[in-house]
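2 protein chains.
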Amino acid sequence: MKALVHKNQKGLSGLVYTEFEEKGPKPGEVRIKLITAGLNHRDLFVMERHQPSDPPLIIGSDGAGIVEAVGEGVNNVIVGNEVIINPGIGWKEKSDAPPEGFEILGLPFHGTFAEKVTVPAENAVPKPAHLTWEEAGVLSLAALTAFRALFTRGRLKEHQRVLIPGIGSGVATFLLQFAKAVNAEVYVTSRSEEKGQRARKLGAVQAINSNEDWNRQLDNQKMDLVIESVGAATFNKSLNQLRTGGTIVTFGASAGDQIQLDLRKFFYGQYSFFGTTMGSSEEFTEMIQFINKHKIRPIVDKMFDLNQFEHAFERLNKAEQFGKIGFRINSLSD
Amino acid sequence: MKALVHKNQKGLSGLVYTEFEEKGPKPGEVRIKLITAGLNHRDLFVMERHQPSDPPLIIGSDGAGIVEAVGEGVNNVIVGNEVIINPGIGWKEKSDAPPEGFEILGLPFHGTFAEKVTVPAENAVPKPAHLTWEEAGVLSLAALTAFRALFTRGRLKEHQRVLIPGIGSGVATFLLQFAKAVNAEVYVTSRSEEKGQRARKLGAVQAINSNEDWNRQLDNQKMDLVIESVGAATFNKSLNQLRTGGTIVTFGASAGDQIQLDLRKFFYGQYSFFGTTMGSSEEFTEMIQFINKHKIRPIVDKMFDLNQFEHAFERLNKAEQFGKIGFRINSLSD
Numbered sequence: 000m001k002a003l004v005h006k007n008q009k010g011l012s013g014l015v016y017t018e019f020e021e022k023g024p025k026p027g028e029v030r031i032k033l034i035t036a037g038l039n040h041r042d043l044f045v046m047e048r049h050q051p052s053d054p055p056l057i058i059g060s061d062g063a064g065i066v067e068a069v070g071e072g073v074n075n076v077i078v079g080n081e082v083i084i085n086p087g088i089g090w091k092e093k094s095d096a097p098p099e100g101f102e103i104l105g106l107p108f109h110g111t112f113a114e115k116v117t118v119p120a121e122n123a124v125p126k127p128a129h130l131t132w133e134e135a136g137v138l139s140l141a142a143l144t145a146f147r148a149l150f151t152r153g154r155l156k157e158h159q160r161v162l163i164p165g166i167g168s169g170v171a172t173f174l175l176q177f178a179k180a181v182n183a184e185v186y187v188t189s190r191s192e193e194k195g196q197r198a199r200k201l202g203a204v205q206a207i208n209s210n211e212d213w214n215r216q217l218d219n220q221k222m223d224l225v226i227e228s229v230g231a232a233t234f235n236k237s238l239n240q241l242r243t244g245g246t247i248v249t250f251g252a253s254a255g256d257q258i259q260l261d262l263r264k265f266f267y268g269q270y271s272f273f274g275t276t277m278g279s280s281e282e283f284t285e286m287i288q289f290i291n292k293h294k295i296r297p298i299v300d301k302m303f304d305l306n307q308f309e310h311a312f313e314r315l316n317k318a319e320q321f322g323k324i325g326f327r328i329n330s331l332s333d
Numbered sequence: 000m001k002a003l004v005h006k007n008q009k010g011l012s013g014l015v016y017t018e019f020e021e022k023g024p025k026p027g028e029v030r031i032k033l034i035t036a037g038l039n040h041r042d043l044f045v046m047e048r049h050q051p052s053d054p055p056l057i058i059g060s061d062g063a064g065i066v067e068a069v070g071e072g073v074n075n076v077i078v079g080n081e082v083i084i085n086p087g088i089g090w091k092e093k094s095d096a097p098p099e100g101f102e103i104l105g106l107p108f109h110g111t112f113a114e115k116v117t118v119p120a121e122n123a124v125p126k127p128a129h130l131t132w133e134e135a136g137v138l139s140l141a142a143l144t145a146f147r148a149l150f151t152r153g154r155l156k157e158h159q160r161v162l163i164p165g166i167g168s169g170v171a172t173f174l175l176q177f178a179k180a181v182n183a184e185v186y187v188t189s190r191s192e193e194k195g196q197r198a199r200k201l202g203a204v205q206a207i208n209s210n211e212d213w214n215r216q217l218d219n220q221k222m223d224l225v226i227e228s229v230g231a232a233t234f235n236k237s238l239n240q241l242r243t244g245g246t247i248v249t250f251g252a253s254a255g256d257q258i259q260l261d262l263r264k265f266f267y268g269q270y271s272f273f274g275t276t277m278g279s280s281e282e283f284t285e286m287i288q289f290i291n292k293h294k295i296r297p298i299v300d301k302m303f304d305l306n307q308f309e310h311a312f313e314r315l316n317k318a319e320q321f322g323k324i325g326f327r328i329n330s331l332s333d
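Chains as they are written, first to last, in numbering that gives the first Met the number 0: chain A, 0 to 333; chain B, 0 to 333.
Treat each hint with caution, since some may be false.
When chains are identical, the list treats them as one kind, so a pair holds in a single copy or across two.
[As the list claims (entries may be wrong)] Simulated crosslink set (DSS-like; lysine-lysine; CA at most 27 Å straight-line):
{"hint": "1", "residue 1": "LYS264", "residue 2": "LYS93"}
{"hint": "2", "residue 1": "LYS292", "residue 2": "LYS9"}
{"hint": "3", "residue 1": "LYS91", "residue 2": "LYS156"}
{"hint": "4", "residue 1": "LYS264", "residue 2": "LYS236"}
{"hint": "5", "residue 1": "LYS317", "residue 2": "LYS25"}
{"hint": "6", "residue 1": "LYS317", "residue 2": "LYS264"}
{"hint": "7", "residue 1": "LYS1", "residue 2": "LYS221"}
{"hint": "8", "residue 1": "LYS156", "residue 2": "LYS93"}
{"hint": "9", "residue 1": "LYS221", "residue 2": "LYS91"}
{"hint": "10", "residue 1": "LYS317", "residue 2": "LYS32"}
{"hint": "11", "residue 1": "LYS294", "residue 2": "LYS91"}
{"hint": "12", "residue 1": "LYS264", "residue 2": "LYS294"}
{"hint": "13", "residue 1": "LYS9", "residue 2": "LYS221"}
{"hint": "14", "residue 1": "LYS200", "residue 2": "LYS294"}
{"hint": "15", "residue 1": "LYS221", "residue 2": "LYS32"}
{"hint": "16", "residue 1": "LYS156", "residue 2": "LYS25"}
{"hint": "17", "residue 1": "LYS264", "residue 2": "LYS292"}
{"hint": "18", "residue 1": "LYS264", "residue 2": "LYS9"}
{"hint": "19", "residue 1": "LYS179", "residue 2": "LYS9"}
{"hint": "20", "residue 1": "LYS32", "residue 2": "LYS179"}
{"hint": "21", "residue 1": "LYS91", "residue 2": "LYS264"}
{"hint": "22", "residue 1": "LYS93", "residue 2": "LYS301"}
{"hint": "23", "residue 1": "LYS1", "residue 2": "LYS156"}
{"hint": "24", "residue 1": "LYS93", "residue 2": "LYS221"}
{"hint": "25", "residue 1": "LYS22", "residue 2": "LYS93"}
{"hint": "26", "residue 1": "LYS301", "residue 2": "LYS264"}
{"hint": "27", "residue 1": "LYS301", "residue 2": "LYS25"}
If you're looking for bench data, these hints aren't it; they were derived computationally from the structure.
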């Protein structure tokens with residue numbers, strides 16, 4: 000089968016579109032013919048972490064497709080099922096942190112940027128009926144991250160004000176859609192006027208220019224919750240915008256990870272600050288129920304063929320996208 | 000009546016032991032003859048904040064005594080009641096932050112370092128029967144701060160490991176006693192071998208030297224919860240000692256309030272970080288029930304007469320104490 004395989008060099012220059020041996024399924028696993036897959040920043044980190052001396056690796060965490068083979072002992076999934084993949088392996092119940100041994104598909108296990116992928120049967124989840132294959136393929140990792148950040152960790156409630164600095168990334172667009180679905184008031188920041196406009200069309204009350212004075216643009220309105228993934232460039236601006244007793248959640252640091260924090264301000268502010276990454280299978284199930292209930296459809300930015308991977312990753316790397324970037328892999332008639 | 004009155008100069012040099020006019024009680028208030036009172040770091044902050052141009056102010060937040068007059072409309076408190084004072088005014092129910100208008104006795108309202116104090120009737124709370132007057136007078140502010148930090152914010156559970164950097168302060172000794180009462184495993188740090196020994200006598204599993212490698216001394220044991228009040232000098236050591244998914248609570252920054260934080264480490268650690276100060280009336284009631292149930296007795300470091308205030312504040316300022324420093328005011332037979 001064809002796949003995007005990382006080998007021989009660190010970083011994106013180690014990624015090749017090539018033939019790779021098809022695997023499995025072993026007992027308890029299923030093999031899925033992938034229709035679509037989704038890109039994540041994690042893919043870039045994986046290509047930095049995966050060493051030239053390691054065995055070649057198919058990268059990719061998100062994907063959707065059709066089950067084409069089931070291993071021994073698999074009862075709940077049958078050949079022909081349309082599924083999306085939960086990329087988290089080994090974190091079942093919702094908890095404050097993943098257990099020892101938790102892994103994400105795409106390192107160390109072969110991932111989804113391939114014609115086929117083999118995963119544990121419980122990681123093949125029925126594809127929500129209201130989603131296109133493009134939407135289904137780009138959903139999992141970003142939507143799960145957004146869901147845990149907003150609800151498990153941020154405990155967002157109806158009518159609360161939530162600020163999302165740096166709208167545009169896949170997770171950020173899910174945050175916006177999920178928060179709107181529970182009738183929160185959503186505010187976003189961006190350096191891009193166009194991304195701000197798109198966020199307003201998706202229901203943001205206000206989109207502010209992240210380079211100008213936030214508090215002035217927000218007319219001194221303070222937030223119940225801020226979901227931070229920009230990092231050093233915005234963290235203290237985010238904190239300044241919190242109401243007393245407000246909550247800030249962080250899952251990313253694309254613009255720097257070292258911040259200066261004023262402890263006195265933090266405890267007089269009675270702030271709550273939570274770190275989060277991805278989420279458990281229990282949260283994945285809740286997230287799927289949530290998008291089914293609210294008929295949420297992922298914002299698909301652009302789809303590429305697997306052999307156009309350089310263009311796809313360039314778009315991701317430059318943060319040009321609004322929503323999720325994906326790969327088209329097999330067509331339904333293949 | 001005699002009182003410690005702050006006037007004319009900022010800081011401790013503006014504090015005088017002098018005659019001051021007795022007040023109230025107005026409707027809804029009670030006047031209390033104080034037997035004892037307790038010192039807090041807040042008294043030092045108050046003397047920095049209270050300006051020479053402001054009206055003279057009796058400082059002090061903690062105290063215990065006997066009700067000697069009740070204002071109109073007071074039903075639940077009668078003359079002769081033995082009471083301790085809840086110093087929080089205007090924060091009733093437990094919540095993520097105090098409401099607008101919340102104040103603490105001792106600024107802007109006259110405080111407890113006087114022969115008498117007048118407070119809202121609901122702030123006069125029955126003195127726990129198992130406490131001496133010395134113990135009752137030093138309880139309120141520190142015990143309430145410890146209670147909210149440990150349980151409301153830190154959500155400490157039985158058998159969890161909790162680390163208390165900088166044992167010795169009033170709040171820190173309450174943290175130790177409260178955590179022991181729910182069967183947590185308590186670890187402390189101190190620069191003082193003697194304070195470490197005293198903490199072990201109070202039930203700490205281990206007392207480590209705060210100047211040496213924490214993780215080595217703790218044999219790489221990670222904590223479920225750290226309650227931080229030292230600040231810049233220890234914050235990142237505290238964070239390093241947290242287990243994945245652990246919680247850190249801060250209410251003080253005696254050794255510096257500016258810290259450097261690694262966001263990436265924070266979110267991969269799935270940490271929770273809470274700021275807290277004092278607490279609500281609801282938490283005060285819970286705290287009193289808790290110390291009654293567990294028969295907890297505050298650690299009294301040393302009692303002074305009001306006119307010895309310079310010695311008392313010097314001891315506090317130099318952090319020489321283990322437990323609470325207090326004032327003896329009226330004797331029961333006065």
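Hint numbers contradicted by this structure | The structure conflicts with hints 2, 5, 7, 10, 12, 13, 15, 16, 17, 19, 20, 22, 23, 25, 26, 27, although it agrees with all the remaining ones.
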